[in-house]
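K.L.:
The primary structure of each chain is shown beneath.
Protein chains: 2
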Amino acid sequence: MAVYTEVNDDDLTRFIAGYGVGELLSYKGIAEGVENTNYVVHTTGGPFILTLYEKRVEHGDLPFFLGLMEHLAAAGVSCPLPVRDQSGQILGRLSGRAAALITFLEGFWVRRPTAEHCAEVGRALAALHIAGQSFGMTRTNALGPDGWRPLFDRFKREADGIAPGLAASIERELAVLEPSWPKNLPAGIIHADLFPDNVFFLGSRLSGLIDFYFACNDALAYDIAVCMNAWCFEQDFAFNITKGRALLRGYQEHRKLEPAEIAAMPMLARGAALRFLLTRAHDWLNTPKEALVKPHDPIAFLRRLRFHQSVRSIGDYGYES
Amino acid sequence: MAVYTEVNDDDLTRFIAGYGVGELLSYKGIAEGVENTNYVVHTTGGPFILTLYEKRVEHGDLPFFLGLMEHLAAAGVSCPLPVRDQSGQILGRLSGRAAALITFLEGFWVRRPTAEHCAEVGRALAALHIAGQSFGMTRTNALGPDGWRPLFDRFKREADGIAPGLAASIERELAVLEPSWPKNLPAGIIHADLFPDNVFFLGSRLSGLIDFYFACNDALAYDIAVCMNAWCFEQDFAFNITKGRALLRGYQEHRKLEPAEIAAMPMLARGAALRFLLTRAHDWLNTPKEALVKPHDPIAFLRRLRFHQSVRSIGDYGYES
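Protein chains in written order, with my numbering: chain A, 1 to 321; chain B, 1 to 321.
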């Protein structure tokens, strides 16, 4: 959460003049976004978010991310809309960075989601999956099963410094998931990172989804598994089956799960927990102490993984046929 | 520039409900303010700034600062207006901090001010001084001449670590200023920190003054001296007499300088340069390396001080009678 790149007034005034959004009124760097620099910008045309893409984001993927947001917004999924400049470009350049001007989405993320919030997330996720079917671009999931072992190899010798036995736990889980990872499930565009801080609400109504910078093509049900990890555990790492039921029920209001997805869910949930355990453990060991962005605790996902290992079937997540 | 205190959605929703400003729509922590935490808040009633007062601000002074902003805004000085809650309070409490909701001022600070910007600053400063005459509260300038030596004593043994000879330079300057500091000049409310980042513009028109957290009672002409230090030097530390002339001329459109102020200006300018040299040198030596807020270079004010030491009269700043 940091402003990595300072923008000066002359450059921004010129930049904004290239869009049909009126005149610049104000801009303030905001403490949101781990990878990028973001500003709240007010113009005579309304409020916007200005994003400057820093080095950590693969720039070749930006047309995919921005094109996806534009596609989803056009399909009625509530998400920020990248504004095209007067020459039709979706991606500009400012202060030495690739930059995009994006409509401002009112709403804020919920620190203590209820089952009703989970139902809304389920509905929005299904709507995203359906709208994504007609999107023409594709992107591989770099953090799918093929990416797990190479990522683990980068830190496994230090892993037990986080928690004794962590390296062996991950090794055992990889040995289970790699040979039996579900294949040929219904696939398409997934958000892949739909945590509470990426979903805005106004009261109990979902106002929009943000942060599509992990979006990719993968099994749709894997996205549900990510959401169950992100939304349905309590502070003490107990799985809240009421929230799980609400999430699955909300999803199925728009898209019914297929038998193969129903069968695969426990394995997908383990994979999703492992994916966040791996990235968090890596960041935990590799983030300099003085970094502006503090790493998340990886052990929260080891605890979730333990739960998923005990699950017998999707019924344990609250699924009702 | 940092968000020191995180605000959760439930607490903020309750807090906003206590003001007559409609419903909370969004809030984002912004990277502005060195001492405090600030959020841009949108409600159905418009945009606001939410400020949480951290430890570094003397809380007993908050009624003075907020009352002053309210007084100045009522007198037509363009500055943010603290909103009173439904029970008439100007200061609330949120996330364990004293907190105020303040109207959002459009505009942004100018990285490369022109003489026209300086003239606007002069006009606004005089308007502030005139409006301040009817403000009923007072606050001593803790960073006036009586505060300089105690502050210097806190770091003088390490001062030469910033630049060789710095301690002796400061000692010599104190020996000049302490006995001859101008007394009995026209006094009143001064801003005391009106640097470019505290003045918002829309084009060449000044849209408002912010950050009154150093405001106090002192010689009005000292505030002009601060502004000359803040606005009229170039990157290479050369004094720009065109900007000085514009600043002084703009000021005098609203308030003519008196003979005693005219005579005192070179000494006041030296004092203002010394004041920022002292606080910056102290912060330079006492800010932890991993701090979110990087200290400003103190030497920039040693260079300004050298210029003021060479000044013969206010004419060297561009003053025209």
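Do not rely on the hints blindly, as some may be mistaken.
Mimicking SDA-like on lysine to any residue, the simulated pairs with C-alpha atoms at most 20 Å apart in a straight line are [as the list claims (entries may be wrong)]: (1) A/K289 <-> B/L91; (2) A/K294 <-> B/K289; (3) B/K156 <-> B/S134; (4) B/K55 <-> B/F214; (5) A/K289 <-> B/K55; (6) A/K294 <-> B/Y4; (7) B/K55 <-> B/L91; (8) B/K289 <-> A/I90; (9) A/K294 <-> B/F155; (10) B/K289 <-> A/P288; (11) A/K294 <-> B/K156; (12) A/K294 <-> B/E6; (13) A/K294 <-> B/A115; (14) B/K55 <-> B/W109; (15) B/K289 <-> A/A74.
Examples of chain A residues lying across from chain B (beta carbon under 8 Å, computed) [claimed, not checked]: (16) V34; (17) T114; (18) E116.
Since the hints were derived computationally from the structure, they do not count as laboratory data.
Idealized CB from N, CA, C, for every residue including glycine.
K.L.:
Are the Cα positions of A/K294 and B/Y4 separated by 20 Å at most?
P.N.:
holds (13 Å)
K.L.:
Is the hinted pair A/K294 and B/E6 satisfied, with a Cα-Cα distance of at most 20 Å?
P.N.:
holds (14 Å)
K.L.:
Straight-line Cα separation of B/K156 and B/S134 no greater than 20 Å?
P.N.:
violated (40 Å)
K.L.:
Between A/K289 and B/K55, does the CA-CA distance stay at or below 20 Å?
P.N.:
violated (24 Å)
K.L.:
Tell me if the interface restraint on A/E116 is satisfied: Cβ within less than 8 Å of some Cβ in chain B.
P.N.:
Since the shortest Cβ distance to chain B is 15 Å, the answer is violated.
K.L.:
Can we keep the A/V34 interface hint, with Cβ of chain B closer than 8 Å?
P.N.:
violated (14 Å)
K.L.:
Does B/A115 lie within 20 Å of A/K294 when you go C-alpha to C-alpha?
P.N.:
Since the Cα atoms of A/K294 and B/A115 sit roughly 43 Å apart, the hinted pair is violated (cutoff 20 Å).
K.L.:
Can the restraint linking B/K289 and A/A74 be considered satisfied, given a maximum Cα separation of 20 Å?
P.N.:
violated (47 Å)
K.L.:
Below or equal to 20 Å on CA atoms is what counts here, so check A/K294 against B/K289.
P.N.:
The given pair, whose Cα atoms are some 16 Å apart, holds under the 20 Å limit.
K.L.:
Would you mind confirming whether the straight-line C-alpha gap from B/K55 to B/F214 stays at or under 20 Å?
P.N.:
holds (15 Å)
K.L.:
Can you confirm whether the C-alpha distance between B/K55 and B/L91 stays at or below 20 Å?
P.N.:
Measuring from Cα to Cα gives roughly 15 Å; hence the hint holds.
K.L.:
Holds or violated: A/K289 and B/L91, Cα atoms, limit 20 Å.
P.N.:
Measuring from Cα to Cα gives roughly 36 Å; hence the hint is violated.
Violated hints, listed in ascending order, are 1, 3, 5, 8, 9, 11, 13, 14, 15, 16, 17, 18; each of the other numbered hints is respected by the structure.
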